[in-house]
Amino acid sequence: MKLELQKLKNEFLENLEKATDSNVLRDLELKYLSRKGELSQLLRRVKELSLETRREVGEMANIVKTELQERFDHMKNLIDGKETQGKKIDITLPGIKKPLGHFHPTTLVERELEDLFASLGFMVCDGPELESDYYNFTALNFPKNHPAREMQDTFFIDKKNAQGEYDLIMRTQTSPVQIRAMKQFGAPLRAIVPGQCFRSEATDARHEHSFYQLEGLMIDKNISFADLKGVLLAVLRKLYGPETQLRMRPKHYPFVEPGSNGECTCFLCKGKGCRVCKYSGWLEILGCGSIHPNVLRAGGIDPTEYTGFAFGFGLDRLVMLKYNIDDVRLFHSGDLRFLEQF
Amino acid sequence: MYLSINWLKDFVKIPEQVSPQEIASRLNQHTVEVEKTIIQDQQFAQVVIGKVLTVKKHPNADRLRVTTVDVGKEELTIVCGAPNVAEGQFVAVALVGATLPNGLVIKEAEIRGEKSYGMICAEDELGLGTNHEGIMVLDKRAKIGSGLADYLGMNDAIMEVDNKSLSNRPDLWGHYGLARELSVLFNVELNEYKPKEIKSEGQEKIKIEVQDEKACPRYMAVMIKNIKIAPSPQWLQDRLLALGSRPINNIVDITNYVMLESGQPLHAFDARKVDKIGVRLAKNGEKIITLDDKERILTHQDIVIVDSEGPIALAGVMGGKNSEVDDGTVSLIIESANFNSAAIRKTAQRLALRSESSIRFEKSLDPENCPLALRRAVELIKEIVPSAKVGGELIDIKHFSHHEHSISLSLAWLEKVIGAKIPAEKVMEILYRLGFKVNFTEVKKTKSWLGLFSSKEQPENFIVQVPSWRAKDINIPEDLAEEIARIYGYNNIDPRMPEITLDTLVINQDKRVERLVKDILVLEEALTETRNYVFISEEQIKKLGGNIKNYLQIANPIASNQNILRQELATNLLANIKNNQAQGNIALFEIGNIFLNQEGIFDKEGNDEEKLPYQEKRLALVFSSDNEEIDRVAKGSLENLFWRLSSSSVTYQENKNIPTWADNRESAGIYVNNQLMGIIAVVSKKTLEALGLKKKTIVMEINFSHLVDLVLKSETKYKPLPKYPALIRDLAFVLSSEIVYNDIKNDILKFDPLIKEVDLFDIYQGSSLEEGKKSLAFHVSYQANDHTLTSEEVDIVVQKLLKHLAEKYQAQIRNF
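Taken in order, these protein sequences are the chains called A and B.
Going left to right, the first sequence walks through residues 1 to 342 as this note's numbering numbers them.
Going left to right, the second sequence walks through residues 1 to 816 as this note's numbering numbers them.
If we strip away everything but chain A, and leave its shape as in the complex, we get:
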């Protein structure tokens, strides 16, 4: 028994000397020192010895046990210390990459505008992208022979009506939703319509056949052209800073009268003139006007009782300006190298 104890001690110490890391230590502890380890098993057999030898061996065993434990603890401290010494944290290391999702940039700008208009009490409306000639043109006061109704500007669906005419189109503007919203909600009405529109146009860095607009309208009693200016100016100042100015000049759209376009102070150069604003200090970003009485009528609203205004932003252009994007085709490219920047 003493011999066995001696052997066990030597074996253990020999292994302990060789131990270089905490894994080996853990194995040694398990094999020799744990409750089921070899030393414990040996100690359990002490009971079987005669009373005399039992005391002697017992004492010795305890000494060995204490010694082994001390030697073990010492070695453990040594190794642990060494390990922490060697494993000093480099606090400048980067984090481990976690997968990250990305919003489409148009979504980000759309939300910004939706929230801004919501704060002014404008609801968000939407409508079908495949529209009828009626909602896209007739109801919006386009005369029968207006050039926009022709094949060179509008995508027609290859499906003729009973009269043998193409009367289904991809909407060329978000404005048909004006009529749908008037019919659904009546007056008074405050709404914006973000959405995709389509025009038969060859694509290049600045032109896209599928593009986004953000349309808005307000109908109430006593709404005037001056109110239109007030709301637009408030929105532009919120978006581009309190110094922003609005400049308007006449522009004809069949669904507004008076009709206007709108330019705001170039927010990149603060009106000083830069490449983006073609050194004019102004950015042309919207079309607007007072809603034509025929349009109100088509929406089921009495133009003698209510008046209103409507405006439309080129959403793509706002996104391009905001993020300095130089090619409109990127929006529909599905290119992750683009999308992952937002």
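Hints should not be assumed to be uniformly reliable.
List of simulated lysine to any residue pairs, SDA-like, C-alpha gap at most 25 Å [unchecked claim]:
no., chain 1, residue 1, chain 2, residue 2
1, B, Lys416, A, Asp220
2, B, Lys695, A, Leu336
3, B, Lys421, A, Asp220
4, A, Lys278, B, Pro101
5, B, Lys617, B, Ala555
6, A, Lys97, B, Ser625
7, B, Lys56, B, Gly72
8, B, Lys421, A, Pro303
9, B, Lys346, A, Phe338
10, B, Lys549, B, Ser625
11, A, Lys183, B, Ser705
12, B, Lys543, A, Leu336
13, B, Lys542, A, Asp335
14, B, Lys696, A, Phe338
Source of the hints: derived by calculation from the structure; they are not laboratory data.
Place chain B on chain A using the hints.
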């Protein structure tokens, strides 16, 4: 359209100190969009007149010559490629540093080893014509060293107006119309456009018959005799050239001149070649050779001018070759007519023949302008060709009702819609200068309405009579409001915020849920949002195993690969995967519409009878990855999405609607509370190959309105915490791969009321199992509502369950 400021000043006296830029700016703010203002003498700032002193052959190039040119201050060596350069010529020399109208910047150059200090210019390089045959040779009045602009008499400024901004203003397609606007903007008198009356000086008769009155509301013509065709005088040529119109001969130039001045296109026929004149619709297949030497095949929608033999002009678009004025022409018939705008537009478009004439007629011109233009043409002809005589009576065939309608305008209403108080006097002044006649009804006339009103005498209502040239675009009080507001100045109207009754905001649930979905997918599930075209190609459909037969198509697509409307978002999302393969593993989503060739729910005609084709908003997710278990990763994202949106859980069940690009066994319906929400499918090997996709790819496509309904219906209710603890036992068994998880899971769940939850935690198929077998391992949770379960109680259920599974599925229990 180009406008000459000198020409405009023929009609309005704009003060000398007003710069061309100021004129352009006023027009921009109040009337039309001026895109560019070209100051002529600045345009030729570094172009001077030189005299060619010597011409030698270039030593290294046969076609080039080395010249020396005297430009006054110095003698320059210039290499020239023109064949017509010769000693003694006066030429236009662009000096080093000049920028030509076409953008060319002149620099010192070495051409095949010879230095060149400038350029001798051709017409086209100076923007003075199209001639590039040789350099422009000037006449002897040229003064060496002086500016080319001086020589050309170019002291004008030319404004380029965006034609689109004129599209609703037929009256602005000539200088006189814009002069009228300037008279308002600068508050100066407008000279009356009053050419001399035409007096007949002969007995010639022209037989004219207008067969289609709708096609031609007015046809005026007059015969002119004793004409001599010659080049136009220089002043006329200069005016045309300045506006980019090429001089041809005196008669053609005069018709063009009058058009640019009055806005009314004219046409001159050689009277020898025409025996009578008829105006009618063409017969289908009828032919005419137009002035550009092209044969045009006509349809019954085109309007033609005919004589007894057939068409002699394509009305309002272009003259015919067979009646053209030529060098031998001695007598003319000059036409000043009004044609149906829609017909002209259609013809011009079908034949791709947009002429200066057609772009005007298609705007719907004022028939009252016909006589003025004709009188002006005759006046000019008699001035330029003094021998000319009016051959007979002026012919005027009218089929339009002369009316100048009136609009009642209330000042109170005007203030209400504009939101600014514009004084009555200002309103009247604006309208008067624009050519409207204004009377007022509510107040007694004072001595002169242009005089001052006292505040008590402010008129309340006006009767505004619309002049003929505005009859088309001014019809209602709102149109007058625009006239007043734009001249007053949109920028002079003070902005104000609307005063309205406060109300709560109506929430668009669709948009709200869209926002939630995007937030969850992007922020929690790390997907990337994409927006694709709604257009796809036949090739894409074919590669996905589909048939284009039932797809809605675009009648006039922009490109042959974008001619079909998508029926699933997957089509373009799979293209996204292909295009991004180099980026590694991909997880994308899109929210967008699909289109089916069947009746939908949106109203079509405003009367709730017909409907638009079916359109459905969808959410689609696509994952592509090296991870063999990507389908389950994808499902994890989907399940999280549904839990977040509605605290509900998702099941996948067999569904008949299998995409053409997936295998039967690898496609399922996505269900929540037994409602089908969409489909999930792994892209089949065959399709991956057809598309060139390299990684395992899975698509989920969900009907968005179902999602919105689910969110609206869902209610999260708190469940009391369990009073008694649950016991969890693990259960693992091997069974046939044919048996699906859903069946087993539901079977276990229903087996005993004590079983509350069944949660799959391991699935294994592989070498250590028999072929066709799989191993499933579940945590099964047991719980009673009324007491703490004992181990023994659970053991009994477990034993029964094992027996049941062994019997029903031949499941072999694996021991732990």
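We went through each hint and held it up to the structure:
no.: 1; hint: B:Lys416 x A:Asp220; verdict: 12 Å, holds
no.: 2; hint: B:Lys695 x A:Leu336; verdict: 17 Å, holds
no.: 3; hint: B:Lys421 x A:Asp220; verdict: 20 Å, holds
no.: 4; hint: A:Lys278 x B:Pro101; verdict: 19 Å, holds
no.: 5; hint: B:Lys617 x B:Ala555; verdict: 23 Å, holds
no.: 6; hint: A:Lys97 x B:Ser625; verdict: 17 Å, holds
no.: 7; hint: B:Lys56 x B:Gly72; verdict: 21 Å, holds
no.: 8; hint: B:Lys421 x A:Pro303; verdict: 21 Å, holds
no.: 9; hint: B:Lys346 x A:Phe338; verdict: 43 Å, violated
no.: 10; hint: B:Lys549 x B:Ser625; verdict: 33 Å, violated
no.: 11; hint: A:Lys183 x B:Ser705; verdict: 21 Å, holds
no.: 12; hint: B:Lys543 x A:Leu336; verdict: 23 Å, holds
no.: 13; hint: B:Lys542 x A:Asp335; verdict: 23 Å, holds
no.: 14; hint: B:Lys696 x A:Phe338; verdict: 24 Å, holds
When the structure is compared with the earlier hints, violations turn up for hints 9, 10 and for no others.
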